[in-house]
Amino acid sequence: MHEVGIADVSGYVPAYRLDDYLTRETASSPDVSVPGPDEDAFTLMWESLTGLPRVEAEGPVLLRVPDSDIETRALVAHARSNGVLGEPAAVIPLAPDAGAPDLLALAARLAQPGLGLLVDHRRPAGAGAPATASAAAAVRFGPPRVARVAAVAARHTLTFDRWRTGPAPDQQDARFVEEALVAVEGDALLADLLKAAGRTTADLAGVVVTCGTRLRGARWAKRWEVPSVWQAGGGTGGPGASAAHALLTALDRLRAAGPDGAVAVLDLGWGGGGAVLTAGTDAAEKPAEPAASAARGTKAYGLAAWHGRATEAPGPWTSPAELWREMPALLGPTGYRCSDCGGIGFPRAGVCELCGSFEVADRPLRRTGVVATHSVDHLFDSSDPVQMVVVDLDGGGRFFGQAVRDVPRRLAVGDRVRLVLRRLHTASGLPHYFWKVDLDG
Amino acid sequence: MGEDVVAIGAASTKFGEFFDRGYADLVRDVVRAVTADAGITLADVDAAWLGTAFAYTYSDEGNAGTSLAEPIGMHGRPVTRVAAYCASGLDAIRQAVAALRAHTCDVALVVGAEKMRDVGPRGSLVMQHVNRGHPVLSKGRTAPGIFGLVAERYRAVYGDPRPAMTAVAMKNHAYGELNPRAHFRRAVSAEQVEAAPPLSGPIGLLDACPTTDGAAALVLVRESDSHGRRAAAISGIAMSNDLGYFTANTSSRSDLLGFESTRSAAASAYEQAGVTRPFDEIDVVELHDCFTITEVVNYEDLGLCGKGEGRDLVLSGATGPGGALPVNTSGGLKACGHPIGATGVRMVVDVCDQVWGRAGVRQVPGARTGLAHALGGPGSLACVAVVTDAGPARAAA
Ligand SMILES: [Zn+2]
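Sequences listed follow chains C and X, in order. Here the first sequence is numbered in the working numbering, starting from 24 and rising by one per residue. Here the second sequence is numbered in the working numbering, starting from 472 and rising by one per residue.
Mixed in with the good hints there might be a few duds.
Derived lysine to any residue pairs resembling SDA-like cross-links, with alpha carbons at most 25 Å apart [stated by the list, open to error]: (1) C:Lys322 with C:Ala203; (2) X:Lys485 with X:Ser530; (3) C:Lys322 with C:Leu377; (4) C:Lys218 with C:Leu181; (5) X:Lys778 with C:Leu377; (6) C:Lys322 with C:Pro339; (7) C:Lys322 with X:Lys485; (8) X:Lys778 with C:Val436; (9) C:Lys322 with C:Lys245; (10) X:Lys778 with C:Lys218; (11) X:Lys485 with X:Ala504; (12) X:Lys778 with C:Ala279; (13) C:Lys322 with C:Asp463; (14) X:Lys778 with X:Arg626.
From chain C, some residues computed to sit far from chain X (all C-beta separations above 10 Å) [said to hold, decoys possible]: (15) Pro89; (16) Leu129; (17) His179; (18) Arg237; (19) Ala244; (20) Lys245; (21) Gly368; (22) Asp400.
Only part of the chain X face toward chain C is listed, based on derived beta-carbon distances under 10 Å [said to hold, decoys possible]: (23) His546; (24) Thr613; (25) Pro615; (26) Gly619; (27) Tyr625; (28) Arg626; (29) Ser695; (30) His698; (31) Phe717; (32) Ser725; (33) Pro792.
By construction, these hints were calculated from the structure, which means they are not laboratory data. Glycine included, every Cβ here is placed at the ideal spot set by N, Cα and C.
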């Protein structure tokens, strides 16, 4: 294995949290992040990609997007259409139960630095199953500005521990998992990693663990003689279930630890995978920034939103030819600029609506602007009223569409807003994504 | 411009929800009424225009002139269907006026008809708005939503439009209560209007016009062929296309405080009719109050008051009974009802009733000049007509 670095990282954690009732019903942690009704695996992935510097050409894209109803190639095509993803050298889908260490291990063995995408999109499963946190992480491998992958390791052990994806029909005693398997396999994996990295536990700022049960962190910190053990994403769910959270948490703790910091990541189940991350070159120069966008105002995810999603009316019949013709520009978002009057408009058009000139050329539009007007619509077929918003975009062009479903408050004329990609509906078997309007900052 | 074209017959069915009358029944009823009113027979008619906006709401009826020719047995002559959203009826009149001026016909029949109530719940115009259209550009757009955007912009720029919207609803329902042809013949209180279920922004259920069944018709001739009959001249009529359909709300040209289509159509119609001070020169107005906020901004777009003064105009009582310029004495779309293709024709029928002095208890004393205005689509287009008494009194003058 040659040394591989993480050059850039960007994460996204949805703003919804379970309300008290659903937290109780699903025996979930109240801080578990849940996607909004109009967020899906693709929109989470898109949000994480928006924080990375743009490039024209990507290396190999290592992609793990479980529980998505849109194919891997469709995910890539949508991200390409709106410009958050450069043209990939190759797309390498990872298994649904791959964890953060699996991504790092594969990246470390690629000849060309790649892009890693880990997406966890999960809704409250209902029927008493605990909720598992949703998040998305995007990392671009290359010069070790953010972190170095100092070691990776894996064990494959028959433990019959039911650390599987989804609830087992006859759940085993969680104490068996924690006391026996984390101890045996976790100890061994951590020892392998430290040896490979040429480090000792004294060098670690802490260990990030994902596994099939909720851990008592202080107990394991003491056993492993490290300052902290963190469990990303609220525990539970099986191997790889909180991969994005684990990676984001590890990178956040690493930055907090400073220039000499090191953090281990363990993803336990049927043995497990692990990695040691050490501080990147930025650690000495830049103040620590969180890898995931700071949580803004959260919104409770109640039964109404849950039920509303489940019964969402199907969208209109849609011509696939029309999607093929129009969607690349709409997802861009691409408007036009008139070379006669200098006017800028949206959507893309063959004529300038300001002066009537046909001398128009496509032009990418800014995704920020100011609310010109709005209207909260109670007639539109939706579980709760949708706010429709007209936005005068910075640099020209006017946009009209829905506000995001998890906006912390209703938008008002004059608000600074940004456009974000969200799922509108599914029609003719196709997911329809379009821009929605969110408060900026 | 050519010679003035005049209406010599005007008629409308009752507006409402008619499960006992189909589209063809409404068309036949109104044509029999209008030919009787004009004192002619169908054999005298040599061309006809049919305004129907959404033929597919009810059935396939209204999708061509055949839907008018068939129920009245009008054979061997041209019958043309005109579609321009909510301005279909007024634009059908405009086509007939142009043909008469060009001497391509001598006696023109114009019918506006729409059958909207006899449809399944997913087939209503409201649900078509929600479930059809562009897969993403119009997703979430509803009819009240389009005008809710105007109401919220109006609030941000000029102040709360709510009191004025309530005044429009009360005024138009008060007129509708007195109109035997109106869909809703009952007054509403401010409390009822403001407690109604919300639709979009400040627009509530009692700020919205209904969907309606109905038909209206006119018989038009050149003034020289009116032979001293009671007549009303179409002294100005104009149409203007402005905003796109799916892209209406992304147009940077819109100030979101009204509709440029109305402004430019009005300017053209006023110029034809020689109107320079509309508030002073016009006696009665039928305008497009699809939602109460629309009436407020229409005042401004039609030049009946200055920008931002629409609220004060209705609150002053000037556009109500006994006011200086009564507006929507029929009850408007709000209370008279809105069978889309019929509406523009119905407006001119109501203006004819006013200038002919047969508007009953809603009569505006001495009304001689009236205005009709229809706004189509999401503000995409508008049609404006100036109608002036051209009876024997004018001929003698
Ligand atoms: Zn131009």
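The hints, checked one at a time:
Between Lys322 (chain C) and Ala203 (chain C) the CA atoms are separated by roughly 38 Å; this puts the pair beyond 25 Å, and the hint is violated. Of the supplied pair hints, the one linking Lys485 (chain X) and Ser530 (chain X) holds, its CA atoms being roughly 21 Å apart against a limit of 25 Å. Straight-line distance between C-alpha atoms of Lys322 (chain C) and Leu377 (chain C) comes to about 41 Å, which puts the hinted pair past the 25 Å bound. For the hint linking Lys218 (chain C) to Leu181 (chain C), the alpha-carbon distance of about 23 Å falls within 25 Å, and the restraint holds.
For the proposed pair Lys778 (chain X) and Leu377 (chain C), the alpha carbon gap of about 22 Å is at most 25 Å, so the pair holds. At roughly 29 Å between alpha-carbon atoms, Lys322 (chain C) and Pro339 (chain C) are farther apart than 25 Å, so this suggested pair is violated. Using a Cα cut-off of 25 Å, the hinted pair Lys322 (chain C) and Lys485 (chain X) is violated, with the two alpha carbons roughly 51 Å apart. Between Lys778 (chain X) and Val436 (chain C) the CA atoms are separated by roughly 19 Å; this keeps the pair inside 25 Å, and the hint holds.
Between Lys322 (chain C) and Lys245 (chain C) the alpha-carbon distance is near 36 Å, which puts this suggested pair outside the 25 Å criterion. As the CA atoms of Lys778 (chain X) and Lys218 (chain C) are separated by approximately 78 Å, the hinted pair breaks the 25 Å bound. Proposed proximity of Lys485 (chain X) and Ala504 (chain X) is supported: the alpha carbons are some 12 Å apart, at most 25 Å. As the CA atoms of Lys778 (chain X) and Ala279 (chain C) are separated by approximately 58 Å, the hinted pair breaks the 25 Å bound.
Our distance criterion of 25 Å between C-alpha atoms is met by Lys322 (chain C) and Asp463 (chain C), whose separation comes to about 17 Å. Of the pairs offered as hints, the one joining Lys778 (chain X) and Arg626 (chain X) holds, with about 13 Å between alpha carbons and a cut-off of 25 Å not exceeded. No beta-carbon of chain X comes within 10 Å of the beta-carbon of Pro89 (chain C); the shortest separation is about 26 Å. For Leu129 (chain C), the non-interface assignment is confirmed: its Cβ lies about 36 Å from the closest Cβ of chain X, beyond the 10 Å cut-off.
Under the 10 Å C-beta cut-off, the non-interface status given to His179 (chain C) relative to chain X holds; the minimum distance is some 46 Å. The beta carbon of Arg237 (chain C) sits about 40 Å from the closest Cβ of chain X, which is more than 10 Å, so the claim that it is off the interface holds. At the 10 Å boundary, the C-beta of Ala244 (chain C) stays outside the reach of chain X, the nearest C-beta of that chain being 50 Å off. Taking the minimum C-beta to C-beta distance to chain X, about 54 Å, the non-interface status of Lys245 (chain C) holds against the 10 Å cut.
Look at Gly368 (chain C): its CB is around 6 Å from the nearest CB on chain X, not clear of 10 Å, so calling it non-interface is violated. Distance check for Asp400 (chain C) against chain X: the nearest CB is about 5 Å away, which does not clear 10 Å, and the non-interface claim fails. Among the interface hints, the one on His546 (chain X) is violated; its C-beta lies about 39 Å from the nearest C-beta in chain C, farther than the 10 Å criterion. With its C-beta approaching chain C no nearer than about 5 Å, Thr613 (chain X) sits inside the 10 Å limit, and its interface hint holds.
Using the Cβ-Cβ criterion of 10 Å, the hint placing Pro615 (chain X) at the interface with chain C is satisfied: the shortest such distance is roughly 6 Å. Here the hint on Gly619 (chain X) is kept, as its CB sits about 3 Å from the closest CB of chain C, short of 10 Å. A cut of 10 Å between beta carbons decides the hint on Tyr625 (chain X): the least distance to chain C is about 9 Å, and the hint holds. This hint holds: Arg626 (chain X) has a C-beta 8 Å from the nearest C-beta of chain C, less than the 10 Å allowed.
The criterion of a C-beta within 10 Å of any C-beta in chain C is not met by Ser695 (chain X), whose closest approach is roughly 39 Å, and the hint is violated. Interface hint status for His698 (chain X): violated, as the beta-carbon distance to the closest one in chain C is roughly 46 Å, over 10 Å. Because the beta carbon of Phe717 (chain X) sits about 9 Å from the nearest beta carbon in chain C, less than 10 Å, this interface hint is met. The criterion of a C-beta within 10 Å of any C-beta in chain C is met by Ser725 (chain X), whose closest approach is roughly 8 Å, and the hint holds.
For the restraint placing Pro792 (chain X) at the interface with chain C, the shortest Cβ-Cβ distance is roughly 32 Å, beyond the 10 Å limit, so the hint is violated.
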